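Q: What follows is the residue order along each chain.
Protein chains: 6
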Amino acid sequence: MKKVVTLGEIMLRLSTHGFQRFVQSENVDVCYGGGEANVCVSLANYGLEARFVTKVPKHEIGQSAVNALRRFGVDTNFIARGGERLGIYFLESGASQRASKVIYDRAHSAIAEADPSDFDWQQIFKGVDWFHFTGITPALGSKATDITMEACQKAKEMGVTVSVDLNYRKKLWTPEEAENVMSQLMKYVDVCIGNEEDAEKVFGIKAGGTDVESGQIDHAAYEKVANQLIERFGFKYVASTLRESYSASDNGWSAMLCDGNKSYLSRKYDVRIVDRVGGGDSFAGGLIYGLLTEKPLQEALEFAVAASAMKHTVPGDFNLVNLDEVETLVKGDGSGRVQR
Amino acid sequence: MKKVVTLGEIMLRLSTHGFQRFVQSENVDVCYGGGEANVCVSLANYGLEARFVTKVPKHEIGQSAVNALRRFGVDTNFIARGGERLGIYFLESGASQRASKVIYDRAHSAIAEADPSDFDWQQIFKGVDWFHFTGITPALGSKATDITMEACQKAKEMGVTVSVDLNYRKKLWTPEEAENVMSQLMKYVDVCIGNEEDAEKVFGIKAGGTDVESGQIDHAAYEKVANQLIERFGFKYVASTLRESYSASDNGWSAMLCDGNKSYLSRKYDVRIVDRVGGGDSFAGGLIYGLLTEKPLQEALEFAVAASAMKHTVPGDFNLVNLDEVETLVKGDGSGRVQR
Amino acid sequence: MKKVVTLGEIMLRLSTHGFQRFVQSENVDVCYGGGEANVCVSLANYGLEARFVTKVPKHEIGQSAVNALRRFGVDTNFIARGGERLGIYFLESGASQRASKVIYDRAHSAIAEADPSDFDWQQIFKGVDWFHFTGITPALGSKATDITMEACQKAKEMGVTVSVDLNYRKKLWTPEEAENVMSQLMKYVDVCIGNEEDAEKVFGIKAGGTDVESGQIDHAAYEKVANQLIERFGFKYVASTLRESYSASDNGWSAMLCDGNKSYLSRKYDVRIVDRVGGGDSFAGGLIYGLLTEKPLQEALEFAVAASAMKHTVPGDFNLVNLDEVETLVKGDGSGRVQR
Amino acid sequence: MKKVVTLGEIMLRLSTHGFQRFVQSENVDVCYGGGEANVCVSLANYGLEARFVTKVPKHEIGQSAVNALRRFGVDTNFIARGGERLGIYFLESGASQRASKVIYDRAHSAIAEADPSDFDWQQIFKGVDWFHFTGITPALGSKATDITMEACQKAKEMGVTVSVDLNYRKKLWTPEEAENVMSQLMKYVDVCIGNEEDAEKVFGIKAGGTDVESGQIDHAAYEKVANQLIERFGFKYVASTLRESYSASDNGWSAMLCDGNKSYLSRKYDVRIVDRVGGGDSFAGGLIYGLLTEKPLQEALEFAVAASAMKHTVPGDFNLVNLDEVETLVKGDGSGRVQR
Amino acid sequence: MKKVVTLGEIMLRLSTHGFQRFVQSENVDVCYGGGEANVCVSLANYGLEARFVTKVPKHEIGQSAVNALRRFGVDTNFIARGGERLGIYFLESGASQRASKVIYDRAHSAIAEADPSDFDWQQIFKGVDWFHFTGITPALGSKATDITMEACQKAKEMGVTVSVDLNYRKKLWTPEEAENVMSQLMKYVDVCIGNEEDAEKVFGIKAGGTDVESGQIDHAAYEKVANQLIERFGFKYVASTLRESYSASDNGWSAMLCDGNKSYLSRKYDVRIVDRVGGGDSFAGGLIYGLLTEKPLQEALEFAVAASAMKHTVPGDFNLVNLDEVETLVKGDGSGRVQR
Amino acid sequence: MKKVVTLGEIMLRLSTHGFQRFVQSENVDVCYGGGEANVCVSLANYGLEARFVTKVPKHEIGQSAVNALRRFGVDTNFIARGGERLGIYFLESGASQRASKVIYDRAHSAIAEADPSDFDWQQIFKGVDWFHFTGITPALGSKATDITMEACQKAKEMGVTVSVDLNYRKKLWTPEEAENVMSQLMKYVDVCIGNEEDAEKVFGIKAGGTDVESGQIDHAAYEKVANQLIERFGFKYVASTLRESYSASDNGWSAMLCDGNKSYLSRKYDVRIVDRVGGGDSFAGGLIYGLLTEKPLQEALEFAVAASAMKHTVPGDFNLVNLDEVETLVKGDGSGRVQR
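Chains as they are written, first to last, in the UniProt record's numbering: chain A, 1 to 340; chain B, 1 to 340; chain C, 1 to 340; chain D, 1 to 340; chain E, 1 to 340; chain F, 1 to 340.
Calculated directly from the structure, the hints in this document are not laboratory data. A portion of the hints provided could be inaccurate.
The list treats identical chains as one, so a pair stands whether inside a single copy or across any two.
[Said to hold, decoys possible] In silico DSBU-like cross-links for lysine-lysine, where the CA-CA straight-line distance does not exceed 30 Å:
(1) K295 to K58
(2) K187 to K224
(3) K170 to K331
(4) K268 to K331
(5) K143 to K171
(6) K268 to K170
Computed from a prediction, not measured in an experiment: that's the story for all the values here.
Based on the provided sequences and hints, a complete structural model is requested.
A: Okay, structure coming up:
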């Protein structure tokens, strides 16, 4: 069985019920998630050995985050314990013209203040095939940057394929800081996932054409961006989801994959949104699965986009769908007839 | 007041909240339902005297199933008590590209293992106008087949109109078993409800044309199927719902009725789905009501399809709508304006 | 800061969960609301000083209504205490072809039986810029009519701008009673909000053209109605929301404003409905805000219609959106992308 | 099977969750109950034919009250439909030193404003063995008094045993009004249930000795009261529960029965309270069952007090315990060991 | 009406349902609280003008904390806005031998990092009679110490009575740090609330005798401590609650008050615990009320201890009881009989 | 780290909320549990490597049972997949004089119909120190008996210590069947846990003295039983919990341990019950932990009884307490003071 490692933050997520606004909510749902943890759970759900690396405090909230991962079969043996707090994010689900809202309360988290000595990458990467991280992790602070760097170097050294999801977060760092750090990390990366906005914000690469709010998508423009990324960093593949935000309730969802020679465009799904948080992560999880299991590129892409279309219907950060379900959708049964 | 009897299984239904998946659910909604019970509740809601015949265990879960029926005015005096367990089904509601999922745990239920001696059909049918059953009941096992057969014979003997909803369930029997049993039962039947899939699976009648997953409907093809059914079994009417599954969230919903001479096609509703389980049963309930109260055929059909369109908006198996509400929709007010 | 007063009833609202029907609900959500209270909360949310005037019983249910208003910053110092009961309304949320249903249990409420001596309008209107009421308040009974009349007179006398939302409620009075009372009140009114149905029912003004159930809207017809209202009562502005009820789940939502010379038509929003109760009130709240802060008329109208489009996504009677959120939507970002 | 009729009001009960206070509750549990309805459900649970007579509005809230009774097997065929509203009561559950609190909102209910012509007692009492009412029903208003009087007269005339639970409610009438009406009704009564407080408030009978708040009980004093009641009205039996209120969480619970010659004192239960509303009604239900099935007096009393001790552990107004459960407790198994 | 100001932190409280442990909870109740906010709400509930001073972030979680206070009538006009986050605490309710557990996540909160310039004490104390703070506030950090110092000085200068609840929190500072800061603050204090543990930890005052865990209380020992406190700091009154922890479910609850000459010992309540968080704060609230309204000392003490006994039955941090309820309990009605 | 294996059934548990009865519950809590699974989770919580062996169906309900174990760190790698269904039990929590009630629906479960070939004991016991089973597993059917027998033999052969909890369940087999099977299994057992009732029902060993319902306990009598068990089967230790059922809400809880020479009696806890299901299993888990970590016998016993006293406060089957918490209680802090 293929083995995958992801590194990042797992946060406590507190979300209002139904479509309640923060200011009227007296009761919130508890779950745990974060970009890299979400990818890890997806891969465990597809049957791979998936290991998540982070640091959580020793108290019960930290333990609950670990338990949330163990519940879905993720290997949590290399999670460090200690630090002050678990990062938190508050989520209010939007509808129609009202956008969903996220309030972050993640500063000073255990992983943001972890030390490189908390992780023994030689041990962590033993027998591992793939390593995935996102642009969020190095953005957490200089120690987190160091940890990510060390992980990438050791992965490369040990022959582990490396993927990144650029995931630029403006509340964590400036474009300048991002470019400085991410440029160094990119030399270890084989597969890069990132949309036009990420490419522009992090690397100043801009091809024009897509107006996020208009919902119009210019595939050619994205292809140009992808090719510039490949040229600059030597990636094997560059991929991106293509979200058309009709409203907070309905989105168009498709994706592209470029290998420098050719671009692959997926089928587009019109999704009725239950919970869109983690949509991009589920795409990354699907793509890693497709590439690791050596599906042809178009198939790998279709797997990833079908998996992530389904994520939009699952509450919580994690994409709780299995291999059969994704493959059924890839084959075209999106009719939603009751499965008895 | 017209009196109706239905025979079948009532199950404990355990459904996840919101759009939660089974593997993340820590709390489930409890209700009770089953094809024939659902029809019975619809008829009680329209003001008919509706009697449900089944067998449930003597414990509180069995009693709760009886209570669920009594609550909506169903006569439960002929429900036998005993046996090991109540059948259970687990329901996970889908959305968009993710289908709803049903896990059955119905083997060894009290009704599946009931004995013909548990039911005194002479008493049960006294003063009764209509008897309805579905293809699920005889599929529960050989004793259940015997019970159904006896009920049908006695109904015919006592001049009670008989209707069936073919409802082929592949987890309960093979097409061969189904054809063998159902062919014998059909000779007692006056009104047959069944879609193309049922007709093909149970009686090998196939007219081609409708591709369930494509969402395209070929009315002429269905008409051919209906006419073959009428020819073969001498039914007075054959009817079917016509579901177009755009996704797990949105369906097109209409129906046809054939009397051997003419076909009636209903108005089509685009329904935003809250709970589609019991949609077909609510159509049967509406049609029986329409025919029993001697509405013209087109009106009976429109009543049935409007009633069942509304069912898609009601949580639970039962169609908790009354006569006025259905008739208002038949008259064309589907605008959804607040009723104050 | 501008100061606004609204006068009316605040009711206890008991609403079923999810899409449950009344007859299956074992647990209801509690909130408080009512046309004029809803307007008041909107204005407090936009940062104005908003005072609500009513009467509530001395017990804890009455106090809870007061608390609900205080929570969102409404000034409740002039709410009288006493009387027998708080009016109640039960709400069942519809979906698709099934309309939402309201059962009123509001007779004999504290405000309906309040005495003019309960309110000292000289004090209440001190330093106040705007007074708003609706056609519901005088319809509650003859004492309530007297109170409304006194409030209007005193407002006019003290130079307070007066607005009304006609809000004809057929369960409270007949068209004749309404016309008799409302005609007298209209002479104090500067800004009148009312749709064609209100205008016809209350004042017998009919321009034809809009068939509420068809969902077709005839702007010219509404303009005629507005102009007749202006002519007859000398209003400065007449405005109306224009709801297109596609179904209980989806509506088109726009509005018009006329000043006697010119008509302004807003952008139209297609809204996926979470809770449409209070939609009209949130329009009134938005319009009062726009006019009070002296926005140009088209902008005031766009503000009001955007605010009320958002209300349709917020559970409860109150429109819990703030200034920034409405203005972002006015500027055109209805894409519903997650706000991080 | 013995047949029993009870007459009275069934109310919508809205109770806060856990131990929440009214002013902090955003969600309430819904159930239906009332003194006489509670007795009726108890008797249906013991297997008798129990018919409840009242009037409820035609809307869904009224229907839900009917459904709540049907669910537990009560015959609701003689419930009149019409009137304005269902009476409501709000319940906040206390604990320890904080008492439970009830806010009534029952004025103008359908039964309070029902007309004697709504009920055909000749039909209602056909084949009936026992009729039960409480002092609450005639206290609802003069029409309700007339209805109760007519029911009592007809019951007596038709040889139906009559029982009353005095249940003095100071918010409904004064002691003078109560005495005037109740004295006339008592001549039809065979079995009277009432505690010292009732006897004193309604009939001015006072024997001294029991200080309700001290929790001390003087059995001799109560015996004197009972004997005076028997002497004055010729009752066959007089009974009373004896509650010792240690706190809102813990009570002592026993009862006495007097037949004019002898007094019977029951075992005392120390109950940990889940929901004490309906405790007295469940005693009445148990006593009627015991007397109707001709248990020896001590046994009838023990049955009643055991049944009502159990009620204190059941949420809601109704005593959802069956014959076996009560009899097991009577036999002495109050150990609370898990029943597997 | 008397005016009171309290200064401190208001935190977001997230508590598990029922008796769930943190590691099994998927849903938490949301409320807001903190020592000084709790005192402020108590005083508002008794009808005083109560103003709370703190700093909260500008986002919706901060606003919700403000709303929670406004809901119960607290004046929030002097709450500063800004900073990074609201302090959080997680609460798991214990039972029997399992203690309740609190996990604090309060570092870096807006109030802990507030600046003295955020508060204009001259304005805040205008017309104010009483100022209350606790030992938690200065423990939040050096700026918070400065703010507290400034508030105390200005209060004294403006003739405002000052009270403190020592409330030593070992996770916030060491005994040395505490003594250093608190000793300086004590010179402004008139009324000091603190138990033996506080006195020992903060000021090294130890009289021996009470073994907290044994549940035995030595009143004489406490009296000695109180007198030493009075001697050292010149307090007018020193008071303390006396908790006997039988288990997490049951406590004995009483209190003492010393004025240097005499000691007053309250009645003791055996409380069945619903939520003991905020028990001490509700005592402080009751005592301040009693002293401000010039009750005799024994009465003031009885009021405070009755109020705080009741708090143990109310979910959440706030003591949602009113004047009448506390006074009824003071008069001796703790029987918990239903209030109808 | 010590390794433990337990073998048995894991069931889906469906429990009513609060103290609701089955017949009024519309919503149930979902968890998973069973005697041997509960022991396994306890041991994982104490930090041991704990492996659970069973068979579950391939569907999501089966997977959820596995996930529930993984969540708390149990090794689920040797759980077989297949079979028809997961056993279910319904739980209604009692209070005061009303006992909790369990309805089993466990027949035909995957483990009851598993085949010995489903389990490779050589692999399962590799490096394992302790094997635990209960009398429930062999009672599930003849194949389950065979599986248990094979496991015991292989454990003995591989030097694994074997413990049993007799756990006689009268719904699964007769005393004769039990004695026949259990006698054979006992020869592999080192440590036997069983109360007097088990000993009498399974092995006909009766010493008289304890009347379960009276709540009186005769330690000498139990000692005699233990010694007879040791004599007959050569157990190293025999232990039993000693439950005094005061009511469904309050129990006395202690335990005894005999080694043939001496009897050890634990401290007794008076427990306020939150959830007593799994109380005995948590004792077994604590005892195994104590013995495996070579605590002196009295200490091992105190650990076990403290752990299981705490279980009574935790909702669900699993004892979610950790080592520190149990040891704190053993040391005597049962005061229930808040842990901050």
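Q: Check K170 against K331 for me: Cα-Cα at most 30 Å, and say if that holds within a copy, between copies, both or neither.
A: Classified as between: cross-chain Cα gap 22 Å, same-chain 38 Å, threshold 30 Å.
Q: At most 30 Å between C-alpha atoms: does K268 with K331 qualify within a copy, between copies, both, or neither?
A: both (14 Å within a copy, 28 Å between copies)
Q: When no copy is named, should K187 and K224 be tagged within, between, both, or neither for a Cα gap of at most 30 Å?
A: Answer is within: at 20 Å inside a copy they meet the 30 Å cutoff, but 66 Å across does not.
Q: For K295 and K58, with the copy left unspecified, which applies at a CA distance of at most 30 Å: within, between, both, or neither?
A: between (41 Å within a copy, 26 Å between copies)
Q: Which holds for K268 with K170 at a C-alpha limit of 30 Å: within a copy, between copies, both or neither?
A: Within one copy only: 28 Å inside a chain, 33 Å across chains, cut-off 30 Å.
Q: I want to check one pair: K143 and K171. Are their C-alpha atoms no more than 30 Å apart within a copy, between two copies, both, or neither?
A: Both: 18 Å inside a chain and 26 Å across chains, each within 30 Å.
Taken one by one, the earlier hints all hold for this structure without exception.
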